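2 protein chains.
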Amino acid sequence: MLPKRSLMGPGPSDVYPEVLNAMARPTIGHMDPAFIGFMDELNELLRYAFQTNNTVTLPISAPGSAGMECCLVNLLEPGDKVVIASNGVFGGRMLEIARRCGAKPVAIEFEWGTPVDPDKVEDVLKANPDAVALAFVHSETSTGVRSDAEALCKLAHDYDCLAIVDAVTSLGGIELCVDDWGIDAIYSGTQKCLSAPPGLSPVSFNDAAMAKVASRKTPPQSWFLDMNLLTGYWGPGAKRAYHHTAPINSLYALDEALRILKREGLDNGWARHADNYQKLHSGLAAMGLEFYVESEYRLPQLNAVKVPEGVDEAGVRGFLLNQYNLEIGAGLGPLAGKIWRIGLMGASCSEKHVALCLEGLKDALENN
Amino acid sequence: MLPKRSLMGPGPSDVYPEVLNAMARPTIGHMDPAFIGFMDELNELLRYAFQTNNTVTLPISAPGSAGMECCLVNLLEPGDKVVIASNGVFGGRMLEIARRCGAKPVAIEFEWGTPVDPDKVEDVLKANPDAVALAFVHSETSTGVRSDAEALCKLAHDYDCLAIVDAVTSLGGIELCVDDWGIDAIYSGTQKCLSAPPGLSPVSFNDAAMAKVASRKTPPQSWFLDMNLLTGYWGPGAKRAYHHTAPINSLYALDEALRILKREGLDNGWARHADNYQKLHSGLAAMGLEFYVESEYRLPQLNAVKVPEGVDEAGVRGFLLNQYNLEIGAGLGPLAGKIWRIGLMGASCSEKHVALCLEGLKDALENN
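Residue numbers (the working numbering), protein chains in the order written: chain E, 1224 to 1591; chain G, 1224 to 1591.
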């Protein structure tokens, strides 16, 4: 049996017991009329979480990276120019997938730990009037940086581009308003601020995105992620044609997590993330620890904390895991060894978690 | 709460209670050292199930159709000629995915309900000496037909082709020997004879398949399914580089299902499927019902039964669902309305299930 951890890394977060119990409900058939009703309710809960009325709002049957691939393979055709703003691992991943779509990505790179700068994006959009889409990461999980999704979506539309947004770490943790901000296509994950187990990627496409899908000259390169086939099963409409076998029990878990989200209310959930971030920040500051990201751009749900000079970065993480059953995350790429990533996501965003983390880190720093 | 069904359709099958309980274990991090050890054990269990020593044996983080796409996108490059033998829905799906890979599929179509004929395949391989692969479905889930995978793999190698095999419905239900039969790449699913919930696709690539991956001129079109990146995380080797977030709890379930499979022993499991098929067959024959597939090619775990003249096919299924909480499957494509598909897979392959199905069908036919 694996140890029980407190998950305060970059995700997965702790899963609510009710969600784990939901996952263990008896499996039902993916074409069962009772399950079809369940799917409709689940999609309605997703619309609430995304703050959207988009008809096409459904969970992809694979983790967040597949949601990213779903958005890009459906919305980019070979030869399409797409502007991709990258300020961390996941912007880089978008670039790589866009290349594999045969698209022509125009990369705008920002220093890791800084947000996407709308002015620079506008310069590039202006210089590339044939671009069909702008893609960026709202909450960069590799650095804990929030970019201004609303401003970037507005820019995209000013230059006749679709706005494709990575909200894997955003959903449920900070303000995110798909319709009000004019996001055309968005994907997220279940294992961050929703606190369901990893494995699914909620996505939403608006009418403009679906019009692009409908106007494609060639089918998307992925059959598994083809939005026309996915909507044939998930709806809208009564057709419900078999595509692939839906991951039933993982969908039970997502459904339960979304019910918890809705019971709390998005505003309250966002406030809880902000509050616990303040508590964590005060505690870390009192210990002399510094944050890597400027306060204005920090994600409350994912905190990049500088490893103090002379401290064994991996040693501290190992100590926390072994002595406290507490997971915090390492830095990635250029930030490996330089930062820890401390998550306060969903069920892992509580006063108890903050206290455990502060206690463990204090102990670790005194004993490593 | 959704109703509890007995699942005797084409999958998902009933999930063992121990497997459902395993799925509800506390989520752990995908980079946790304890989880890495779990992954190694899981892959070893998969090797047993597949009867292979292939180093590259791992579960894809998405359902069986993604396993199909994984095999094809990694093993086919644009312009590659691939011979695809199709005798049902899933052979047709292979064709569609191969086309989206930019490969040149050569289709050999067989009548639904009949197996792939090795002689015809040999004719096509002979006529296409530049083909790089032969792909076929071992157990066609749409019709309940078993093809001779061993003979087809031998043919593939005689003509210098890789053998790519769909074993979604085979694994655990009938004899399947990846190494002895010379299967180069194989994919399966969790929700058939393994009786775990749907959502993952075990795959295995041998050295010849991995050599083809290594010799590619272009990266696979799917980043999510790129075998080089997947093996970076799953091993072999100690690197364990983050690729995507593994679906932890679904992997717990698969692990538990494989432990149950190993405790029973493959031979015993195959015999159990054969025995219960005999019981189902006797009972249906006594009711005057006929099988669609010739006995030599029938899958014990999935039985295509002819809908008698004048009987309301969908009415019977609805009756069973509502009166018996029993799911059986409908026909697909040209067989819609003409057959029922009755599954005896994994946990749904028991005397109790056979008795329930016979009782329910008798009642349904007398009352519809």
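Possibly wrong hints are sitting among the right ones.
Heads up, the list lumps identical chains together, so a pair's fine if it works in one copy or across two of them.
[Claimed, not checked] Straight-line distance between alpha carbons at most 30 Å, and here's what the computed BS3-like set of lysine-lysine pairs gives:
(1) LYS1585 with LYS1343
(2) LYS1462 with LYS1529
(3) LYS1462 with LYS1227
(4) LYS1462 with LYS1561
(5) LYS1327 with LYS1304
(6) LYS1349 with LYS1327
(7) LYS1304 with LYS1440
Bear in mind the hints are in silico, worked out from the structure with no lab data behind them.
Just so we're clear, the structure is a prediction, and the values are computed from it rather than from any experiment.
Hint check:
Within a single copy, LYS1585 and LYS1343 get their C-alpha atoms no closer than 41 Å, and across copies no closer than 72 Å, so neither meets the 30 Å cut-off. For a Cα distance limit of 30 Å, the shortest separation of LYS1462 from LYS1529 across copies, 25 Å, qualifies, whereas the shortest one inside one copy, 53 Å, does not. In this assembly of identical chains, LYS1462 and LYS1227 lie within 30 Å of each other by CA distance solely across copies; the values are 24 Å between and 43 Å within a copy. In this assembly of identical chains, the alpha carbons of LYS1462 and LYS1561 lie at most 30 Å apart only when taken from different copies (20 Å versus 52 Å within one copy).
In this assembly of identical chains, the alpha carbons of LYS1327 and LYS1304 lie at most 30 Å apart whether taken from the same copy (5 Å) or from different copies (27 Å). In the homo-oligomer, the alpha carbons of LYS1349 and LYS1327 lie at most 30 Å apart inside one protomer (16 Å), although the nearest pairing across protomers, at 40 Å, exceeds that limit. Within a single copy, LYS1304 and LYS1440 get their C-alpha atoms as close as 15 Å, and across copies as close as 23 Å, so both meet the 30 Å cut-off.
Violation of the numbered hints given earlier is confined to hint 1; every other hint is satisfied by the structure.
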